[in-house]
Every structure is written in structure tokens, then in C-alpha cells.
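Starting from the known structure of chain A, arrange chain B on it as the hints suggest.
Read off the chains here:
Protein chains: 2
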Amino acid sequence: MALRAEKLPVLVTREPGGTRTGEQIRRLLLDSAATGVVPMAELALMFASRAQHLSEVIQPALLQGKLVLCDRFTDSSEAYQGGGRELGSEAVLGLHGILCKNLQPDLTILLDSDMERSVDRARRRNRSRTMGTGDENRFEQESRAFFERVRNAYLAIARREPRRVAIVDARGSPDETHHQILQVVRQRLKLKIPTSGSL
Amino acid sequence: MALRAEKLPVLVTREPGGTRTGEQIRRLLLDSAATGVVPMAELALMFASRAQHLSEVIQPALLQGKLVLCDRFTDSSEAYQGGGRELGSEAVLGLHGILCKNLQPDLTILLDSDMERSVDRARRRNRSRTMGTGDENRFEQESRAFFERVRNAYLAIARREPRRVAIVDARGSPDETHHQILQVVRQRLKLKIPTSGSL
Numbered sequence: 362m363a364l365r366a367e368k369l370p371v372l373v374t375r376e377p378g379g380t381r382t383g384e385q386i387r388r389l390l391l392d393s394a395a396t397g398v399v400p401m402a403e404l405a406l407m408f409a410s411r412a413q414h415l416s417e418v419i420q421p422a423l424l425q426g427k428l429v430l431c432d433r434f435t436d437s438s439e440a441y442q443g444g445g446r447e448l449g450s451e452a453v454l455g456l457h458g459i460l461c462k463n464l465q466p467d468l469t470i471l472l473d474s475d476m477e478r479s480v481d482r483a484r485r486r487n488r489s490r491t492m493g494t495g496d497e498n499r500f501e502q503e504s505r506a507f508f509e510r511v512r513n514a515y516l517a518i519a520r521r522e523p524r525r526v527a528i529v530d531a532r533g534s535p536d537e538t539h540h541q542i543l544q545v546v547r548q549r550l551k552l553k554i555p556t557s558g559s560l
Numbered sequence: 362m363a364l365r366a367e368k369l370p371v372l373v374t375r376e377p378g379g380t381r382t383g384e385q386i387r388r389l390l391l392d393s394a395a396t397g398v399v400p401m402a403e404l405a406l407m408f409a410s411r412a413q414h415l416s417e418v419i420q421p422a423l424l425q426g427k428l429v430l431c432d433r434f435t436d437s438s439e440a441y442q443g444g445g446r447e448l449g450s451e452a453v454l455g456l457h458g459i460l461c462k463n464l465q466p467d468l469t470i471l472l473d474s475d476m477e478r479s480v481d482r483a484r485r486r487n488r489s490r491t492m493g494t495g496d497e498n499r500f501e502q503e504s505r506a507f508f509e510r511v512r513n514a515y516l517a518i519a520r521r522e523p524r525r526v527a528i529v530d531a532r533g534s535p536d537e538t539h540h541q542i543l544q545v546v547r548q549r550l551k552l553k554i555p556t557s558g559s560l
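From first to last, the protein sequence lines are chains A and B. Plus 361 on top of the position in the first sequence (first one is 1) and you've got our numbering. Plus 361 on top of the position in the second sequence (first one is 1) and you've got our numbering.
Bound conformation, chain A alone:
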């Protein structure tokens, strides 16, 4: 909204999804616990959605001079499937090279929070499934280890590519976080984008 207020031509989109095929894949992934999708298949599905999204949405928008704001991209696959599911970064970056020709955003904002919030969300999600089965601790331990691997993988990407990835502390209020994000966007992108005028 803040970027639109500056009259910048912005396209907001998300992954997985963003296209008709992508939404079909998203539904298939939401069903994945029931159908037992293995990590390598999950990774390939994420990239199928991404390849479609790039070709159908992102690249045409960039060619029209638009600013594309995308909720999650290859970094998320590297963090969740590479780190969380332990497939490793090499497999993820290999697929990114082949299927996305290594295209990366000019700027990636990493919203970093603490472990407790992630684990809390997973706990609430799983409580109904594990109620009374005595599995609460196993789920909690597993999800704690999983989210720790995800967060570590995200932070490793930020260390590896500091010019592209900016870490924003998301533990404050939504307003504080929003303010920080805007500061980073203005600082990092002002070299490329005028603050007014038609891009």
C-alpha cells in the first residue's frame, strides 16, 4: 500500500499459487499430509508452481516495468525443503538453476522472529490431531527441531547473500515491523527506482 501510495506500479503475488496451475498444486500440497507426499516430490511441486508463476506472472510484469512483490520464493524452498526437510541447499539451488534460470529478486526481506512463535503456531495446529494420543511431546519436539532448521537455513542464506537479503526483526508490533520494512525498501531500491513518476 505504501508503494502504491507513491504511485509505483506494483504487482503483489504469492507462492505456491499465483496461477491456476499453482493453485491446483497448492491444494495438492495442503493435502500432502494425508497422501504422504515425500520431500523430493514436495520440492519438485514447489518448483513446478514457481516455473509456472515466473513465466505466466512475474516475467511479463517485469517486462512491463512493474515492481513485483512476491510472498515467498526460492529462499523458502531452501529453508523448508532444503533445511527443514533436510534435502540440502544443493538440491534446491540445482532445481532453481534448471527451472528458474537462477533468477533472483533485487531485494529479499527476511522477517526474523524467535523460535517460540513458530513452535506456538505448530502446537496449536497439531493439538487437535494429537489430543489424547500422548503424541504431543513428540510433535512439539519435532516441530521445534524442524523450525530451528528452517530458521538456520534462512539466516545462512542472508549471510551468504547480504546484498540481496535484508533481515528485519519481526518481534515488535506490526507497525514497527512495517516501518522497518519501508526503510529497507527505500534504502535499498532508491538506486533503481525514482520516488515518484512513472517507472
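Think of the hints as simulated: they come from the structure by calculation, not from any bench. All clues stand as given, with none of them false.
Pairs count within a copy or across copies, as identical chains cannot be separated in the list.
Below, simulated EDC-like cross-link-like pairs (lysine to aspartate or glutamate); rule was C-alpha separation at most 20 Å, straight line:
| no. | residue 1 | residue 2 |
| --- | --- | --- |
| 1 | K427 | D467 |
| 2 | K462 | E447 |
| 3 | K462 | E451 |
| 4 | K462 | E522 |
| 5 | K427 | E417 |
Here is chain B on its own, set in the frame of chain A:
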């Protein structure tokens, strides 16, 4: 049936499909003309189905000492997406390395026919769509060129890996083709499989 008659433990399966996730992906691909799936996304979906199939069906069967008979595998992706859709062999083999750890069958039977039959099938499939639109010739020309690229890619794989891939002439009667296939299977696999007894 002939292999089962020899009391060999055989598992017959197919791609894309062969698992619940794979069948969902298969349906998504059958719908792909309507949703406009791009070639790279199609390739990633094929490999998502394959990774699931390998992990859920093929590898467990091999570990139980079964003989797995699979209708289409990575060669088909190399022929259709690599050759037909012109993504190239390198992209397909790259995904195969990452997602399938380069696992290949001991023996692949390539049923080679002539161009006319493939084009005939495509013509019948498209007639209803193009009826009266004057697009018949374009479709026919496109499908002829497409199937020529597919066949050339298949033949190039057979030349590259003659020990694994056996070409069988499929222009004769079904009985003749069946006879030839059995001969090839017996010749090539007799080194590894006894003609009777429990494997």
C-alpha cells in the same frame, strides 16, 4: 503375463501416476492444455510424480526382490519435454540427477514405430477441436514436427546407452511385437534372473 507365468515376482506400474499424488498430478497434466501449463512446469510435475513413485512404489518393490515393469520413466521426459518441447536433454538429466539420484532401469524397451501412426493419433485427437476453424493443417504440421523431435530424442538415447536401451520394431502385429519383447527380455536379463525359482 509371460513373466508371471515363469513365476517371477513382477510389479507392473506406470508414469505419470502409480501413486495417489501421482494420479492427482496426472489429472492436473491432462487438464494442462486448458490451464496453459508451461513446458518447465510440466517437466517439474513429471518429476514430482516420478520422485513420489520411486520412493513409494519402485524402491520398496526392488528391495523386496521384485522385477519392476514400468510404463515410461525418465527417457520419456527426455523425449517429450527435452525433445518435443525443446527444453533439451541437459535440463531433464539435471532434474533426474537431483530428484531420482540418477536411478535407471536395468533394461529399457523402446517400441519404435513410424511417424505416420503417431501423427494419425494426434490428428484424430485434434480433429474435434479444430473442426471448421481452418487450423487442421497447422495442428498437423505442428504435431508432425513434435513427434519427429520426440522420436529422434528417443533414438538418440538408445544410441547413447545401447547396453540399457533395446529398440523393438513395433510396426508388426501385436503378437510379433510381443514375441520380440520377450526375446529381448530373456536375452538381456538372463544374466541376472533365473528362468524359474523364487528370486
